[in-house]
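Colleague: Read off the chains here:
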Amino acid sequence: MIRILLYACLATLVLVAQKAYAGDFSIHGFLQGNYSLGIETSNPDGGDLKWAEERGQLKLEGAQEALRLFLKTDVSFDHLNENGEFELREAYLDLTQKRWDLRVGRQIVTWGLGDLIFINDIFPKDYEAFFSGRPLEYLKKGTDAIKAGFYPDIASFELVIIPFFEPNNFPDSNRFWMYDPMPGVTNRVQKEPASNIRNTEAALRVYRDIAGFDASIYAYKGFYRSPSMVPDSFTSPTRIELIYPELSVYGVSLQRSAFGGIAGFEAGYYDSLDDRSGTDPLIPNSQTRFLLSYQRQVIEDFSVTVQYYGEYTHDYAEYESTRIAAFPKEPRFRDLASIRLTYLIMHQNMRLQWFSFWSPVDRDYLLNPEVRYNFTDHVWAALGANVFGGKKDTTQFGSLDKNDNMYMQARYEF
Amino acid sequence: MLRYLVLLLAILMPLKSLAITPEEVMKNSQAAFLYPGRDFKARVVMRLISKSGSVRTRELTMLRKNYGETGGDQKYFMYFFQPADVKDMTFMVYKYPGRDDDRWLFIPALNMVRRIAAQDSRSSFVGSDFTYEDVSGRDLADDSHEIVGEEKLGGADCFVVKSTPKAGDTDYSHKLSWMDKKTFLPLKEEYFDKRGDLYKVFTAEEIKDVNGFPTIVKRTMKNLQSGHSTETAFTKVDYNMGIEDSLFTERYLKQPPRKWIE
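Residue numbers (my numbering), protein chains in the order written: chain A, 1 to 414; chain B, 1001 to 1262.
In isolation and in its complexed conformation, chain A is listed as follows (with noise of 0.2 Å):
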């Protein structure tokens, strides 16, 4: 309900928009197609399409002094569905003073150092649309928030307040093989927590230069976004309960010039609420994770970035004498390393590009190449490949060996 009021709001003020602002008004926007097709296996529906469809995006913005509003609205028709659909993927206000500014709609926040890994960026994401490759930025997903800056000498601040939750979004299990350590049980049933004032979501940011470094420090209460599995019997399950366990993050992120190239460091602390002790098999334990980055221009146009990612589970021994034993048993540090290497090419119309992550504990792994091309200043085209792979069919990348696919993404732009 309040969210319909919430856009209720916003189409009341993009109306009233268009008819003050006329004179500062923007259109932007493009027309897509963009398919993936299974190269491995069929898909487990059958089909061998991992994405099919054709998209049109529109970007309205209107601004008058202090004020600015911003609309980006997707129409798509999906071929694998046979349906279309209409999503609105940012919709927000900004009102911006001297010291401070206020974001008030869906929006995206991207916060954190790293390169498809994210600690302390804690907002909701599509992984779906990452391994069937669709374009980055619908990695993304828009969070329904209010965004505030603050802007003091000292230091700047970011406050977000996020009433209602959003789940990351998994690829969809007609289209994908995954793991299921309980495939037997179709009855699934997703409890996200309700919109209420105790489960409102807020996250902080202070950030500042410090001696060079871009320094920021990170806290956050809210959710994981990423379910966990309740089953109603642990020896003959009949109904599994999808749920959002409480969890709060703090975490700092530093980067600076060095070493000829950037290198960056971030850690956090995943406090698991609801599981404090590391008792509870059904709900993850606290854990620290931590990022190293570099990032070096090798030569001209040419760039390397590399990763080295860790977490560490806390109470371990807790997780193990507890434990489900039909659930594949987690790693007490699982890591995660990951290179990136792009070339710009043919007065940088043309990009190649290369990124892979390897998990040296899970022996896991997911290769992506991509060609991308600007035919005009208007009109690009890309041609990759995810392919996974892995020593077991329990890990993240190991369980999706079966996904490999091969995708093109065209796009006319306006």
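Hints are supplied without guarantee of correctness; some may be wrong.
As the list claims (entries may be wrong) - Mimicking DSSO-like on lysine-lysine, the simulated pairs with C-alpha atoms at most 27 Å apart in a straight line are:
{"id": "1", "chain 1": "B", "residue 1": "K1194", "chain 2": "B", "residue 2": "K1087"}
{"id": "2", "chain 1": "B", "residue 1": "K1194", "chain 2": "B", "residue 2": "K1166"}
{"id": "3", "chain 1": "B", "residue 1": "K1075", "chain 2": "A", "residue 2": "K98"}
{"id": "4", "chain 1": "B", "residue 1": "K1182", "chain 2": "B", "residue 2": "K1208"}
{"id": "5", "chain 1": "B", "residue 1": "K1218", "chain 2": "B", "residue 2": "K1075"}
{"id": "6", "chain 1": "B", "residue 1": "K1259", "chain 2": "A", "residue 2": "K141"}
{"id": "7", "chain 1": "B", "residue 1": "K1259", "chain 2": "B", "residue 2": "K1208"}
{"id": "8", "chain 1": "A", "residue 1": "K98", "chain 2": "B", "residue 2": "K1254"}
{"id": "9", "chain 1": "B", "residue 1": "K1222", "chain 2": "B", "residue 2": "K1236"}
{"id": "10", "chain 1": "B", "residue 1": "K1188", "chain 2": "B", "residue 2": "K1222"}
{"id": "11", "chain 1": "B", "residue 1": "K1259", "chain 2": "A", "residue 2": "K59"}
{"id": "12", "chain 1": "A", "residue 1": "K141", "chain 2": "A", "residue 2": "K221"}
{"id": "13", "chain 1": "B", "residue 1": "K1075", "chain 2": "B", "residue 2": "K1236"}
{"id": "14", "chain 1": "A", "residue 1": "K147", "chain 2": "B", "residue 2": "K1188"}
{"id": "15", "chain 1": "B", "residue 1": "K1254", "chain 2": "A", "residue 2": "K141"}
{"id": "16", "chain 1": "B", "residue 1": "K1041", "chain 2": "A", "residue 2": "K221"}
{"id": "17", "chain 1": "A", "residue 1": "K329", "chain 2": "A", "residue 2": "K391"}
{"id": "18", "chain 1": "B", "residue 1": "K1236", "chain 2": "B", "residue 2": "K1254"}
{"id": "19", "chain 1": "B", "residue 1": "K1152", "chain 2": "A", "residue 2": "K147"}
{"id": "20", "chain 1": "B", "residue 1": "K1041", "chain 2": "A", "residue 2": "K98"}
{"id": "21", "chain 1": "B", "residue 1": "K1087", "chain 2": "A", "residue 2": "K59"}
{"id": "22", "chain 1": "B", "residue 1": "K1041", "chain 2": "B", "residue 2": "K1027"}
{"id": "23", "chain 1": "A", "residue 1": "K98", "chain 2": "B", "residue 2": "K1087"}
{"id": "24", "chain 1": "B", "residue 1": "K1162", "chain 2": "B", "residue 2": "K1181"}
{"id": "25", "chain 1": "B", "residue 1": "K1152", "chain 2": "B", "residue 2": "K1162"}
{"id": "26", "chain 1": "A", "residue 1": "K98", "chain 2": "B", "residue 2": "K1208"}
{"id": "27", "chain 1": "A", "residue 1": "K147", "chain 2": "B", "residue 2": "K1208"}
{"id": "28", "chain 1": "B", "residue 1": "K1218", "chain 2": "B", "residue 2": "K1182"}
{"id": "29", "chain 1": "B", "residue 1": "K1254", "chain 2": "A", "residue 2": "K59"}
{"id": "30", "chain 1": "B", "residue 1": "K1162", "chain 2": "B", "residue 2": "K1194"}
{"id": "31", "chain 1": "A", "residue 1": "K98", "chain 2": "B", "residue 2": "K1259"}
FYI, nobody ran anything at the bench for these hints, they're computed from the structure.
Fit chain B to the given chain A structure using the hints.
Modeller: Below, chain B alone, put in the same frame as chain A:
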């Protein structure tokens, strides 16, 4: 007595005008070309023209603020209008003499600020024939300079300065610059490759007086070897507008203020 005085003056006058050192010419040129005013703004349109004649366009607003004297720190803020896939992107550079720049890029579709590694200032600027150095300057101490002549170029008296990089990490072996004796703006530059062949030519096609600062508003960089060239036009040029320090922060990188970018 008077005769001697006249003779002395006659001897001293040309000596005095000749006595300018190549370093002074370059310093004056740097002040006139890259550091005029306390701050600066321009709408920049770059036309990237391939050998076959196809054209790509880059359009941006460029803002600059000086910190300290000529040759000192500068901050740059750029907002992109074109091409369509980089519309609304912003780019910020803190330039320091004698060490690598700090660079940040804002990607609006992800609402994300990224630091960009910046080791090679001879890299192409947005895919054009201009390098970062051509846009924001090169440390004078990185080259040895020599006045190799004086020539008239398009009616203007010029010093011709040969600049040779001290380190061998550049794409050219030396550069000849024609510096207008009045304005100290470079009217032409010729870059020679490692074999000594001419390969890039910079020309200033139009110079306008903006608030008392002679400003090159049309310039071209042509790569003779690839046949590719870039024509750059500055419009809406302004100086000493009083750009606040706060513009060059993450806050405004994410929300570029209209009053500066339009």
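Colleague: Check whether the Cα positions of A:K98 and B:K1208 lie no farther apart than 27 Å.
Modeller: It is violated: about 35 Å lies between the C-alpha atoms, which goes past 27 Å.
Colleague: Taken at face value, is the distance from the CA of B:K1254 to the CA of A:K98 at most 27 Å?
Modeller: 15 Å, holds
Colleague: Need the status of pair B:K1259, A:K141: alpha-carbon distance at most 27 Å?
Modeller: The hint is violated at about 30 Å.
Colleague: Between B:K1041 and B:K1027, is the straight-line Cα distance small enough, at 27 Å or below?
Modeller: Answer holds: B:K1041 to B:K1027 is near 22 Å, not above 27 Å.
Colleague: Is the straight-line distance between the alpha-carbon of B:K1182 and that of B:K1208 27 Å or less?
Modeller: Holds: B:K1182 and B:K1208 sit about 14 Å apart, inside 27 Å.
Colleague: Given the hinted pair B:K1075 and B:K1236, is their Cα-Cα distance within 27 Å?
Modeller: 19 Å, holds
Colleague: For the pair we were handed, A:K329 and A:K391, check the Cα-Cα distance against 27 Å.
Modeller: At roughly 14 Å apart (the allowed maximum being 27 Å), A:K391 and A:K329 satisfy the hint.
Colleague: Is it true that the CA of A:K141 sits at most 27 Å from the CA of A:K221?
Modeller: 19 Å, holds
Colleague: Would the pair B:K1194 and B:K1166 pass a check requiring their Cα atoms to be no farther apart than 27 Å?
Modeller: Between B:K1194 and B:K1166 the Cα gap is close to 13 Å, so the pair holds against 27 Å.
Colleague: Holds or violated: A:K147 with B:K1188, Cα cutoff 27 Å?
Modeller: Given that 27 Å is the threshold and the Cα spacing comes to 51 Å, the pair is violated.
Colleague: Is B:K1188 close enough to B:K1222, meaning Cα to Cα at most 27 Å?
Modeller: With Cα atoms ~11 Å apart, B:K1188 and B:K1222 stay inside 27 Å; holds.
Colleague: Tell me if the straight-line CA distance from B:K1152 to B:K1162 falls inside 27 Å.
Modeller: The given pair, whose Cα atoms are some 16 Å apart, holds under the 27 Å limit.
Checked against the numbered hints above, the structure violates hints 1, 6, 14, 16, 19, 26, 27; every other hint is satisfied.
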